[in-house]
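A.B. asks: Required output: the full structure, derived from the provided sequences and hints.
Here the protein sequences come in this chain order: L and E.
All residue numbers for the first sequence refer to the numbering used here, where the first residue is 1 and numbers rise by one.
All residue numbers for the second sequence refer to the numbering used here, where the first residue is 391 and numbers rise by one.
Treat the hints as calculated values from the structure; they're not laboratory data.
Please note that a few of the clues may not be correct.
Pair ranges (Cβ atoms, derived) [stated by the list, open to error]: (1) L:Ser180 <-> E:Arg509: 52 to 62 Å; (2) L:Arg387 <-> E:Gly524: 40 to 50 Å; (3) L:Gly14 <-> E:Glu417: 47 to 57 Å; (4) L:Gly14 <-> E:Arg407: 33 to 43 Å; (5) L:Ser305 <-> E:Gln455: 26 to 36 Å.
Sample of chain L residues with no beta-carbon within 10 Å of chain E, all distances over it, derived [to be verified]: (6) Pro5; (7) Leu7; (8) Leu8; (9) Asn12; (10) Gly14; (11) Asp54; (12) Ser67; (13) Pro80; (14) Pro98; (15) Glu118; (16) Tyr146; (17) Ser180; (18) Asn242; (19) Val382; (20) Val383; (21) Leu386.
As the structure is a computational prediction, the values presented were derived from the model and not from experiment.
Ideal placement from N, C-alpha and C gives every residue a C-beta, glycine not left out.
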Amino acid sequence: MLRFPWLLVFKNLGGRPLRTFLTLASLTVAFFLLCVLRSVLGGLEAGIKASANDRLVVQSAVSLFVSLPDSYQAKIQSVPGVEDAIRWQWFGGIYQDPSNFFAQFAVDHDRLLKVYPEIHTDEAAAQAFLEKRTACLVGTKLAQRYGFKVGDRIPLQGTIFPRFDGQPWQLDVVGIYRSSSANVDEQTMFFRYDYLDETRRAELCGGPQGAGVYVLALDGRAPEAVAARVDALFRNGPQAVNTTSEAEFQRQFVSMLGGVPVFLSSIGGGVLFAILLAVLNTMLMAGRERTHDFGVLKALGFQASVVFMLLLLESVGLCLIGGAIGISLAVGSQAAVGNAISLVLPTYEVAQETQLLALGAAAVIGLVAGVLPGLRAAQLEVVEALRAEV
Amino acid sequence: MNAPAIQLSQVTRQYTRGGETVKALDEFDLEIPQGGYYAIMGPSGSGKSTLLNLVGGLDRPDAGQVVVAGEDLNQLTSSELADFRANTIGFVFQGFNLLPVLTAVQNVELPLLLTPLSRGERRKQALHALELVGLSDRINHRPRQLSGGQEQRVAIARALATDPQLILADEPTGDLDRDSASSVLELLERLNAEFKKTIVMVTHDARAADSAGHVVHLDKGKLERIVDNRLKAPEAGAPAEQEA
Ligand SMILES: Nc1ncnc2c1ncn2[C@@H]1O[C@H](COP(=O)(O)OP(=O)(O)OP(=O)(O)O)[C@@H](O)[C@H]1O
Ligand SMILES: [Mg+2]
Chain L
1 MLRFPWLLVF
11 KNLGGRPLRT
21 FLTLASLTVA
31 FFLLCVLRSV
41 LGGLEAGIKA
51 SANDRLVVQS
61 AVSLFVSLPD
71 SYQAKIQSVP
81 GVEDAIRWQW
91 FGGIYQDPSN
101 FFAQFAVDHD
111 RLLKVYPEIH
121 TDEAAAQAFL
131 EKRTACLVGT
141 KLAQRYGFKV
151 GDRIPLQGTI
161 FPRFDGQPWQ
171 LDVVGIYRSS
181 SANVDEQTMF
191 FRYDYLDETR
201 RAELCGGPQG
211 AGVYVLALDG
221 RAPEAVAARV
231 DALFRNGPQA
241 VNTTSEAEFQ
251 RQFVSMLGGV
261 PVFLSSIGGG
271 VLFAILLAVL
281 NTMLMAGRER
291 THDFGVLKAL
301 GFQASVVFML
311 LLLESVGLCL
321 IGGAIGISLA
331 VGSQAAVGNA
341 ISLVLPTYEV
351 AQETQLLALG
361 AAAVIGLVAG
371 VLPGLRAAQL
381 EVVEALRAEV
Chain E
391 MNAPAIQLSQ
401 VTRQYTRGGE
411 TVKALDEFDL
421 EIPQGGYYAI
431 MGPSGSGKST
441 LLNLVGGLDR
451 PDAGQVVVAG
461 EDLNQLTSSE
471 LADFRANTIG
481 FVFQGFNLLP
491 VLTAVQNVEL
501 PLLLTPLSRG
511 ERRKQALHAL
521 ELVGLSDRIN
531 HRPRQLSGGQ
541 EQRVAIARAL
551 ATDPQLILAD
561 EPTGDLDRDS
571 ASSVLELLER
581 LNAEFKKTIV
591 MVTHDARAAD
601 SAGHVVHLDK
611 GKLERIVDNR
621 LKAPEAGAPA
631 EQEA
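C.D. replies: Here it is in structure tokens:
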């Protein structure tokens with residue numbers, strides 16, 4: 001192969017503009033979808049990956065939905081290796097309308113920021129959170145969504161903890177927080193556990209006693225040993241607990257989705273396969289259509305390998321261009337897509353790894369789809385090819 | 391005298407279709423000297439194209455020997471045959487010679503890719519060839535934007551761009567009107583007279599055959615006679631006579 005007729009590769013791509021455009025469009029859509037799917041899968045795993053390994057979560061051994069007694073706090077706190085133990089309780093309140101869904105947690109306000117260094121807020125907010133019983137902190141994105149500002153009073157209709165007077169709970173925004181880890185999203189409201197607890201004790205609202213989970217900050221000792229000690233402490237009741245790493249705890253939520261990740265992966269696989277067939281079809285058509293051209297090229301003295309490469313390169317080129325456009329669209333729309341699904345999936349990022357993988361997949365599809373038509377063209381008998389209808 | 395440009399001895403090429411064997415060429419002998427301009431004539435199906443394809447290394451015989459420019463084509467691998475075509479042969483087919491996606495000059499440059507010439511030299515040589523066929527003003531036209539005669543002239547320019555010893559043309563005027571055909575024939579004559587190219591041209595057209603030096607008549611895969619146009623009489627000692 002002295003020199004390769006590169007020009008022909010480009011000219012052939014432009015030779016059938018409509019077909020090239022349509023194939024490129026399918027490739028673009030397919031690779032856009034692939035990037036989105038993989039990013040969604042990545043988002044599901046992000047919480048797990050970002051989990052701190054110096055924190056443990058204590059939950060009921062029976063179920064996440066069974067509360068743990070408040071009296072456990074002091075006992076857990078005294079286990080060697082535990083620096084802090086704070087309570088978390090899912091509140092599940094409704095803000096104005098049930099469709100305005102966001103997470104609210106009652107937490108031990110005095111130690112939240114200490115146990116979670118990834119939650120950042122200003123000094124004034126931290127101070128106000130300590131002083132005001134009805135205080136709450138809201139995440140940046142949550143504040144953005146509903147226009148919450150410091151000083152706002154947010155009414156939340158209790159569902160798990162309904163107030164007997166029928167009125168909504170009133171929470172005062174004292175600060176907006178940012179999070180520096182995918183482990184804590186910016187769409188959550190934190191308010192004071194003691195406020196919930198006092199209301200409960202005063203029998204002004206319904207709902208279960210106790211806390212959903214305890215989150216433990218460790219003093220540097222091996223998490224496994226500490227977890228075993230905590231579990232042992234309550235083995236004989238009154239309520240057995242299950243202590244896990246934060247990652248393990250997060251993983252529960254992904255596995256609650258059951259087959260969803262597998263489902264998403266198989267959609268991705270299906271998209272890849274469909275696009276392979278589409279490109280293969282295009283290339284077979286292109287190859288057949290150019291049978292006469294290949295006859296001419298061979299008659300001129302071009303080797304079979306050149307004819308093979310012409311189709312292979314055209315196929316790879318087509319896939320890389322379509323793939324690149326799809327990937328660029330996925331990257332370009334990252335903010336918009338991320339916003340649209342942020343409630344379900346706080347972390348959505350089209351990672352560089354995803355982009356490279358998609359581009360690699362595009363190249364492989366191009367190769368696979370080019371081989372068959374390429375071989376066919378390479379094996380053509382010159383005389384037969386020249387006889388072909390144009 | 392020099393070795394012949396083309397020498398076929400006892401060449402048989404047969405096709406089997408539906409259990410029936412057709413001998414497109416049947417123990418065929420022919421010698422064409424260097425610098426000759428030969429027209430091949432004969433009824434449809436008599437084996438003219440088959441002959442040309444064998445000489446051009448596009449096809450292989452089932453039996454017999456094809457020697458072209460000193461090469462025994464039977465001895466060459468497919469890849470060597472491709473090189474042989476690139477170096478020795480210039481082809482002109484009937485219609486649809488050109489790649490439709492390339493311009494005239496790009497089409498002519500195509501076979502030059504197989505030579506060691508630089509990009510600039512290739513362009514220069516292609517332009518020169520197009521000038522020779524009188525199409526300097528059409529270099530950036532696509533085949534579809536050219537008339538049939540112009541297309542054939544571009545094909546001739548491409549065939550001679552690499553300066554091959556041998557030009558093979560299968561019905562180069564088959565699709566053309568009278569005037570276009572004349573200009574193509576003039577061109578071939580000139581290539582033969584001025585540039586000493588050996589030319590073999592298959593044709594149905596008596597007028598085209600007249601422009602050649604010799605006319606080879608085929609029938610049913612056998613050589614019937616060879617007419618020397620300068621004498622306008624069957625050549626003495628032609629195989630046809632021995633065999634009739
Ligand atoms: N690929 C093939 N398969 C079967 N038979 C073939 C094939 N190619 C040629 N033939 C047969 O060989 C014979 C000679 O064919 P060829 O094409 O050489 O004829 P020709 O003289 O060029 O005819 P025409 O003037 O119509 O072009 C014909 O009978 C044809 O049917
Ligand atoms: Mg023919």
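A.B. asks: Is the claim that leucine 7 (chain L) lies outside the interface with chain E correct, judged by CB distances over 10 Å?
C.D. replies: violated (6 Å)
A.B. asks: Would the non-interface assignment of glycine 14 (chain L) survive a Cβ cutoff of 10 Å against chain E?
C.D. replies: Answer for glycine 14 (chain L): violated, closest chain E Cβ roughly 7 Å.
A.B. asks: Kindly confirm whether 40 to 50 Å is satisfied by the beta carbon distance between arginine 387 (chain L) and glycine 524 (chain E).
C.D. replies: Since arginine 387 (chain L) and glycine 524 (chain E) have Cβ atoms about 30 Å apart, the given range 40 to 50 Å is violated.
A.B. asks: Does serine 67 (chain L) clear chain E by more than 10 Å, comparing its Cβ with all Cβ atoms of that chain?
C.D. replies: Non-interface label on serine 67 (chain L) holds, nearest chain E Cβ at 73 Å vs cutoff 10 Å.
A.B. asks: Decide, holds or violated, for the assertion that all CB atoms of chain E are farther than 10 Å from the CB of valine 383 (chain L).
C.D. replies: Check fails; 5 Å does not lie beyond 10 Å.
A.B. asks: Just want to verify: asparagine 12 (chain L) was marked as not at the interface with chain E; is every Cβ pair farther apart than 10 Å?
C.D. replies: violated (6 Å)
A.B. asks: For leucine 8 (chain L), is the shortest CB-to-CB distance to chain E above 10 Å, so the non-interface label stands?
C.D. replies: violated (7 Å)
A.B. asks: For tyrosine 146 (chain L), which was marked as not at the interface, is the minimum beta-carbon distance to chain E over 10 Å?
C.D. replies: holds (58 Å)
A.B. asks: Looking at serine 180 (chain L) again, its CB stays over 10 Å from all of chain E?
C.D. replies: holds (55 Å)
A.B. asks: Can you tell me whether the CB distance of serine 180 (chain L) to arginine 509 (chain E) sits inside 52 to 62 Å?
C.D. replies: At roughly 56 Å between Cβ atoms, arginine 509 (chain E) and serine 180 (chain L) fall inside 52 to 62 Å, so the hint holds.
A.B. asks: If I take the minimum Cβ distance from proline 80 (chain L) to any residue of chain E, is it greater than 10 Å?
C.D. replies: holds (79 Å)
A.B. asks: Could you let me know if the closest chain E CB is still more than 10 Å away from the CB of valine 382 (chain L)?
C.D. replies: The assertion about valine 382 (chain L) is violated, with a minimum of 4 Å to chain E.
Hint compliance for this structure: hints 2, 6, 7, 8, 9, 10, 19, 20, 21 are broken, all remaining hints hold.
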